[in-house]
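Q: Residues per chain are reported as follows:
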Amino acid sequence: MIYYDKLIFELSAPGRKGYTLPANRYPVHAAVPGTLRRAEAPALPEVSEPDVVRHYTNLSQMNFGVDTGFYPLGSCTMKYNPKINEEIAAMPSFTGLHPLQPSETVQGALEVYWETEQALRALTGLEAFTFNPCAGAHGELTGLMIIKRYHELRGDTARTKIIVPDSAHGTNPASAAVAGFEVVEVKSLENGRIDVEALKELLGPDVAGIMMTNPNTLGLFETEIKTIAALVHEAGGLLYYDGANMNPLMGVVRPGDMGFDVMHLNLHKTFSTPHGGGGPGSGPVGVAPHLVRCLPLPRVIREADGHFSLLGAEENSAGKVSGFLGNFGVILRALAYIKMLGRQNVRRVGELSTLGANYIKECLKDVYKLPIEGVCKHEFVFDGLVNDGAREGVPGATTLDVAKRLLDYGFHAPTIYFPLLFHQALMIEPTETESKETLDRFIAVMRQIAAEAAEDPDILHNAPHDTPVRRPDETQAARNPILKAL
Amino acid sequence: MSGFPYFPHTEGDISAMLSRIGAASLKDLYADVPEEFLLKGEPDLPDALSEEEVRAWFSRIGAKNQPLKVFVGGGVYDHYTPSVVPYILSRSEFLTAYTPYQCEISQGTLRYIFEYQSMICALTGMGVSNASMYDGPTAAAEAVRMAVASAKKRTRVLVSEGLFPQVLEVVRTYAHYGGITVDTVPVMKGQTCPNCLRGALAEGDVAGVLVPQINRYGIIEDHSGFAEAVHGAGALLIEYCDPSALAVIKTPAEWGADIAVGDGQALGIPMSFGGPYVGFMAVKKDHLRKLPGRIVGETVDRDGKRAYVLTLQAREQHIRRAKATSNICSNQSLMALFATVYLSLLGPEGLREVNRLSADGAAYLHGQLLATGLFEEAFPGKPFLKEFTLVSKIPAATLQKHLAKAGFFGALDLGEGRVSFAVTERRTKEEIDALVACVKEVRL
Numbered sequence: 001m002i003y004y005d006k007l008i009f010e011l012s013a014p015g016r017k018g019y020t021l022p023a024n025r026y027p028v029h030a031a032v033p034g035t036l037r038r039a040e041a042p043a044l045p046e047v048s049e050p051d052v053v054r055h056y057t058n059l060s061q062m063n064f065g066v067d068t069g070f071y072p073l074g075s076c077t078m079k080y081n082p083k084i085n086e087e088i089a090a091m092p093s094f095t096g097l098h099p100l101q102p103s104e105t106v107q108g109a110l111e112v113y114w115e116t117e118q119a120l121r122a123l124t125g126l127e128a129f130t131f132n133p134c135a136g137a138h139g140e141l142t143g144l145m146i147i148k149r150y151h152e153l154r155g156d157t158a159r160t161k162i163i164v165p166d167s168a169h170g171t172n173p174a175s176a177a178v179a180g181f182e183v184v185e186v187k188s189l190e191n192g193r194i195d196v197e198a199l200k201e202l203l204g205p206d207v208a209g210i211m212m213t214n215p216n217t218l219g220l221f222e223t224e225i226k227t228i229a230a231l232v233h234e235a236g237g238l239l240y241y242d243g244a245n246m247n248p249l250m251g252v253v254r255p256g257d258m259g260f261d262v263m264h265l266n267l268h269k270t271f272s273t274p275h276g277g278g279g280p281g282s283g284p285v286g287v288a289p290h291l292v293r294c295l296p297l298p299r300v301i302r303e304a305d306g307h308f309s310l311l312g313a314e315e316n317s318a319g320k321v322s323g324f325l326g327n328f329g330v331i332l333r334a335l336a337y338i339k340m341l342g343r344q345n346v347r348r349v350g351e352l353s354t355l356g357a358n359y360i361k362e363c364l365k366d367v368y369k370l371p372i373e374g375v376c377k378h379e380f381v382f383d384g385l386v387n388d389g390a391r392e393g394v395p396g397a398t399t400l401d402v403a404k405r406l407l408d409y410g411f412h413a414p415t416i417y418f419p420l421l422f423h424q425a426l427m428i429e430p431t432e433t434e435s436k437e438t439l440d441r442f443i444a445v446m447r448q449i450a451a452e453a454a455e456d457p458d459i460l461h462n463a464p465h466d467t468p469v470r471r472p473d474e475t476q477a478a479r480n481p482i483l484k485a486l
Numbered sequence: 001m002s003g004f005p006y007f008p009h010t011e012g013d014i015s016a017m018l019s020r021i022g023a024a025s026l027k028d029l030y031a032d033v034p035e036e037f038l039l040k041g042e043p044d045l046p047d048a049l050s051e052e053e054v055r056a057w058f059s060r061i062g063a064k065n066q067p068l069k070v071f072v073g074g075g076v077y078d079h080y081t082p083s084v085v086p087y088i089l090s091r092s093e094f095l096t097a098y099t100p101y102q103c104e105i106s107q108g109t110l111r112y113i114f115e116y117q118s119m120i121c122a123l124t125g126m127g128v129s130n131a132s133m134y135d136g137p138t139a140a141a142e143a144v145r146m147a148v149a150s151a152k153k154r155t156r157v158l159v160s161e162g163l164f165p166q167v168l169e170v171v172r173t174y175a176h177y178g179g180i181t182v183d184t185v186p187v188m189k190g191q192t193c194p195n196c197l198r199g200a201l202a203e204g205d206v207a208g209v210l211v212p213q214i215n216r217y218g219i220i221e222d223h224s225g226f227a228e229a230v231h232g233a234g235a236l237l238i239e240y241c242d243p244s245a246l247a248v249i250k251t252p253a254e255w256g257a258d259i260a261v262g263d264g265q266a267l268g269i270p271m272s273f274g275g276p277y278v279g280f281m282a283v284k285k286d287h288l289r290k291l292p293g294r295i296v297g298e299t300v301d302r303d304g305k306r307a308y309v310l311t312l313q314a315r316e317q318h319i320r321r322a323k324a325t326s327n328i329c330s331n332q333s334l335m336a337l338f339a340t341v342y343l344s345l346l347g348p349e350g351l352r353e354v355n356r357l358s359a360d361g362a363a364y365l366h367g368q369l370l371a372t373g374l375f376e377e378a379f380p381g382k383p384f385l386k387e388f389t390l391v392s393k394i395p396a397a398t399l400q401k402h403l404a405k406a407g408f409f410g411a412l413d414l415g416e417g418r419v420s421f422a423v424t425e426r427r428t429k430e431e432i433d434a435l436v437a438c439v440k441e442v443r444l
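Respectively, the protein sequence lines represent chains A and B.
At position 91 of the first sequence (counting the first as 1) the number is 91 in the numbering used here, and the numbers step up by one without a gap.
At position 394 of the second sequence (counting the first as 1) the number is 394 in the numbering used here, and the numbers step up by one without a gap.
None of these hints come from the bench; they were simulated from the model.
Keep in mind that the hints are not guaranteed to be accurate.
[Stated by the list, open to error] For lysine to any residue, the following SDA-like pairs were computed, each having C-alpha atoms within a straight-line distance of at most 20 Å:
#	chain 1	residue 1	chain 2	residue 2
1	B	K305	A	E10
2	B	K401	A	E104
3	B	K64	A	A90
4	B	K40	A	G256
5	B	K27	A	G374
6	B	K305	A	K161
7	A	K436	B	R306
8	A	K17	B	R356
9	A	K83	B	E52
10	A	K436	B	G22
11	B	K27	A	R343
12	A	K83	B	G3
13	A	K83	B	R91
14	A	K6	B	R91
15	A	K6	B	R306
16	B	K382	A	L36
17	B	K64	A	N462
18	B	K69	A	S93
19	A	K161	B	Y177
20	B	K64	A	S309
21	B	K305	A	N462
22	B	K305	A	K436
23	B	K69	A	L36
24	B	K382	A	E201
25	B	K284	A	K6
[What the hints assert, rightly or not] Facing chain A, a subset of chain B residues (Cβ under 8 Å, in silico):
#	residue
26	I21
27	S330
28	S333
29	F409
Positions of the beta carbon are idealized from the N, C-alpha and C atoms, including for glycine.
Only chain A is shown next, with the shape it has when bound in the complex (with noise of 0.2 Å):
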């Protein structure tokens, strides 16, 4: 990667121009008030198109996506984006309809919303999805707000509390306060499962559901939920699933025959599209039949007929979350993934991401610390390395110093200091689209790394050597805010 070091603003010229537009053949003109006019024209760059081409392509070339290497950032599923999805997401036949045109003339669009909740519906054993939350985060936030709605409905306004396990993830408790919910936290036991005694003290007539992550953030399937099911559902609360960790379940188990009443899906993970840097993304909620009624609005609907169209009104809905159906685009994605896969493929999704991390894991537990021992799913967690080389005078080698050496090495660093059950937490999801080679490059990577800090730590301290920028002044940032140009 070379360092480029211009803003596009930085390239500007008075009377660039990067764009054409048509003559002006109208017989009228349009006057805008003096009185809302604005006062001066706004301080956008003026340049021309290769300036533009050019400046963009060198800032993507110092950039590191899933096309460039190995990323294995654990609960963040970064597997290949096939190159088919764009392709299709792409057609003028998706890309050119309006949200508000007629029903009748956006049928096959409809049929892609149904088509891929058949999908859904068949991977997660729930009965109905929306696609309308934007991203996984706004799909937690109107799962709960479904179960909210849910617990109204039944005139039971008591259930105030959402119980989330010390190693969700921190979106989980931000949901459940943005959806007016009080969060009330549940301890892992040793084995880094829910603490099912402590869970049973929790529950009653205030607990509105759990939010679970199974398997969990550390990669561990929860083997007592069908336990923890039962006593969620007697205490009359629901229970919901963070689909971040549905990968190594794809094709194998399915969260509505585990008992989960509700649960979102990150198409931008399981569903192979992709990230795009930090969105869009695509946070389907599925739900369990006694809930459909509550999903939010507008949902599309096949009629009998085998015509579609669009349900618009129901007073049980738990509300509208967005301006229309979500991030089309994004589905018609994990659309496009869905029919490649198929029945045939699927299985192999689980299975090949719960192989990749096991191996990892156990080809390094002698140099990074494994708190828990046995077999993890798509993602395990490190809690640092064994020997960080610390003596007199030399701080040891830190998890941010292994993930910083990481990038030297040419691979993306894993998910640090989460969860939080741990102080040098190392989070590796390897997926299912690397091959045993590039495991065992980085295998190998993660093995000299840990001799590097044995050896003389300070390698570690000063890496990142060779990226575009090195470790930058964060504190500078935050303190004194620059955050935008001019």
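Starting from the known structure of chain A, arrange chain B on it as the hints suggest.
A: Frame of chain A; chain B shown alone:
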């Protein structure tokens, strides 16, 4: 059949990896899952298709959509997309990256977000922008939450009935679950009624007021005195804006707003049946710490080079968990890049020309439709840009259906006999003439 193009593993690789793990089979890796939860057989999905078959399937389904010349807005506009924009967005270094957590290998993403924030500030006149929201309606809903969080004990917000219905409904939904009371301010003579606003403010307990700069009737609202009244009541003023129109009309900052939100779709983003678009949110500098979402800041690296990082993260969910300003994490980053590249190409002059062409086209269509005698002005004399509203003598549904048959999407039904039309620079005078000719043929 064995082998699949997205899975690199040979059978030999699988055996070698299993043996290193000490497992006999792939099934063994699920030994900790209770037997009753293991799926028996294949899930009920369709058969795997070849790439060519997938392409054919989508072509067939796509052909079931009817392509229409769009003469409607309602918050989504058929603006032109320069070919450079999708070309840049398809670069895999942007497309296939995650959120820029490792800033040393994410300077590309971080820099364009910084440029995006700068451009949103330039358009709105506000001090600080975040890295993007999902869409306009959710940005408005988050702004309302932010106003209530800033006001501490007050939980009531006022929203204009002039907002697009999808904005109002999403705001209402978020508010319902957040314990926020939403009261509406009516539209009188085509604009959010100033006296009604003052009256509602006088009732007290107001944390925020959300009003559209350009309302659902297409009218550019006059918000003179709004900021004074809202601030006088101790509340925050939130303006819902069309970022394209901001090239010419008064900015939210000039109206004295505290928060500006809206949808970036009008910046050449394909309509794509509702998404992906990009919501934006910009605030006065004093409100920085309450701003939801990601923010990129400039700093230097340890060698003194200019570098960009995600900053002020103490507001966010992964640090603050239940106490975060919002639960948003993934937003619409790639669509923020879309807006940034679009605005770079168009510049201030291009954006002004887009508005000029759209507004002149709309004025022309407005005149031609009135001349048919089938319509009357809904709000005589009120200023509009690319979208306007008429009272139709033909029932809206009849008109819309008739136009669709001829390949037009026009006459959005606003109720009470009102229909709206929109024109962008993508429509030609010939298309407008054809639409008007078609309207004249409607049989009542």
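Q: Taking the hints in turn, state whether each one holds.
A: Status of each hint after checking the structure:
Restraint check: the Cα-Cα separation between B:K305 and A:E10 comes to about 16 Å, which is no more than 20 Å; the hinted pair holds. The suggested pairing of B:K401 with A:E104 holds, with an alpha-carbon distance near 10 Å, which does not exceed 20 Å. At roughly 16 Å between alpha-carbon atoms, B:K64 and A:A90 fall within 20 Å of each other, so this suggested pair holds. Simply put, B:K40 and A:G256 have alpha-carbon atoms about 15 Å apart, close enough for the 20 Å limit, and the pair holds.
With a CA separation close to 15 Å, the supplied pair B:K27 and A:G374 stays within the 20 Å bound. The suggested pairing of B:K305 with A:K161 is violated, with an alpha-carbon distance near 48 Å, which exceeds 20 Å. A C-alpha spacing of about 38 Å is found between A:K436 and B:R306, which places the hinted pair above 20 Å, so the restraint is violated. Proposed proximity of A:K17 and B:R356 is supported: the alpha carbons are some 17 Å apart, at most 20 Å.
Under the criterion of a C-alpha separation no larger than 20 Å, the hint pairing A:K83 with B:E52 is consistent with the structure, at around 12 Å. Straight-line distance between C-alpha atoms of A:K436 and B:G22 comes to about 16 Å, which keeps the hinted pair within the 20 Å bound. Distance hint between B:K27 and A:R343 is fulfilled; the C-alpha atoms sit about 17 Å from each other, no more than 20 Å. Proximity of A:K83 to B:G3 is assessed by CA-CA distance (about 18 Å); at most 20 Å being required, the pair is judged to hold.
For the hint pairing A:K83 with B:R91, the CA-to-CA distance comes to about 12 Å; that is within 20 Å, so the pair holds. Distance restraint check for A:K6 and B:R91: the Cα-Cα separation of roughly 19 Å lies within the 20 Å cut-off, and the hinted pair is therefore satisfied. For a cut-off of 20 Å, the pair hint linking A:K6 to B:R306 stands: about 10 Å separates their Cα positions. Pair hint B:K382 plus A:L36 holds up; C-alpha atoms about 12 Å apart against a cutoff of 20 Å.
The hinted pair formed by B:K64 and A:N462 fails the criterion: a straight-line CA distance of about 58 Å is larger than 20 Å. Restraint check for B:K69 and A:S93: satisfied, since their Cα atoms lie roughly 13 Å apart, inside the 20 Å limit. Straight-line distance between C-alpha atoms of A:K161 and B:Y177 comes to about 13 Å, which keeps the hinted pair within the 20 Å bound. Taking the CA atoms of B:K64 and A:S309, the gap is about 14 Å. The hint holds against a cut of 20 Å.
In summary, the hint linking B:K305 to A:N462 is supported, as the alpha carbons are separated by about 16 Å, within the 20 Å threshold. The straight-line distance between the Cα atoms of B:K305 and A:K436 is roughly 38 Å, outside the 20 Å bound, and the hint therefore fails. Straight-line distance between C-alpha atoms of B:K69 and A:L36 comes to about 30 Å, which puts the hinted pair past the 20 Å bound. For the proposed pair B:K382 and A:E201, the alpha carbon gap of about 63 Å is over 20 Å, so the pair is violated.
Note on B:K284 and A:K6: the hinted pairing is violated, with a Cα-Cα distance of about 27 Å set against a maximum of 20 Å. A cut of 8 Å between beta carbons decides the hint on B:I21: the least distance to chain A is about 5 Å, and the hint holds. The restraint placing B:S330 at the interface with chain A holds, with a minimum CB-CB distance near 4 Å, inside the 8 Å limit. The beta carbon of B:S333 comes within 3 Å of a beta carbon in chain A, closer than 8 Å, and the hint placing it at the interface holds.
Restraint check, B:F409 versus chain A: the minimum CB separation of about 5 Å is within 8 Å; hint holds.
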